[in-house]
Amino acid sequence: MTTLIAILLLLFFLTLTISAIRDLLARTPRYNTRVFWAIVILFLFPIGTFIYFLFRSNDPTF
1 MTTLIAILLL LFFLTLTISA IRDLLARTPR YNTRVFWAIV ILFLFPIGTF
51 IYFLFRSNDP TF
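Be aware that the sequence shown starts at 1, since it is given in the UniProt record's numbering, and climbs by one per residue.
A hint or two may mislead.
[Claimed, not checked] Pair by pair, the computed Cβ-Cβ distance ranges are:
1) Phe43 <-> Thr3: 19 to 25 Å
2) Phe55 <-> Leu16: 22 to 28 Å
3) Gly48 <-> Ala20: 17 to 23 Å
4) Ile5 <-> Leu25: 29 to 35 Å
5) Phe36 <-> Leu11: 17 to 23 Å
6) Phe36 <-> Leu10: 15 to 21 Å
7) Phe53 <-> Thr17: 18 to 24 Å
8) Leu25 <-> Pro46: 18 to 24 Å
9) Val35 <-> Ile5: 18 to 24 Å
10) Leu44 <-> Thr3: 16 to 22 Å
Hints in this document: simulated from the structure, not taken from any laboratory. Virtual Cβ for every residue (Gly too), placed ideally from N, Cα, C.
Work out the full structure: start from the sequences and follow the hints.
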């Protein structure tokens with residue numbers, strides 16, 4: 001249950017961050033969508049790593 005809550009909170013904050021970045025990039029036309037996706041990928045790596053280690057710590061094989 002704690003894992004599910006942690007994942008839902010991460011997804012919620014990721015959604016807020018992505019919408020804020022898109023709003024920021026929409027206000028400044030010199031940035032394009034490649035910059036947006038680069039920022040999104042940079043945010044996804046630490047979140048994916050956190051979820052991986054969260055599930056790995058609950059796995060009895062480790």
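Taking the hints in turn, this is what the structure says about them:
{"no.": "1", "hint": "Phe43 <-> Thr3: 19 to 25 Å", "in the structure": "holds (20 Å)"}
{"no.": "2", "hint": "Phe55 <-> Leu16: 22 to 28 Å", "in the structure": "holds (23 Å)"}
{"no.": "3", "hint": "Gly48 <-> Ala20: 17 to 23 Å", "in the structure": "holds (20 Å)"}
{"no.": "4", "hint": "Ile5 <-> Leu25: 29 to 35 Å", "in the structure": "holds (31 Å)"}
{"no.": "5", "hint": "Phe36 <-> Leu11: 17 to 23 Å", "in the structure": "holds (18 Å)"}
{"no.": "6", "hint": "Phe36 <-> Leu10: 15 to 21 Å", "in the structure": "holds (20 Å)"}
{"no.": "7", "hint": "Phe53 <-> Thr17: 18 to 24 Å", "in the structure": "holds (20 Å)"}
{"no.": "8", "hint": "Leu25 <-> Pro46: 18 to 24 Å", "in the structure": "holds (21 Å)"}
{"no.": "9", "hint": "Val35 <-> Ile5: 18 to 24 Å", "in the structure": "violated (32 Å)"}
{"no.": "10", "hint": "Leu44 <-> Thr3: 16 to 22 Å", "in the structure": "holds (18 Å)"}
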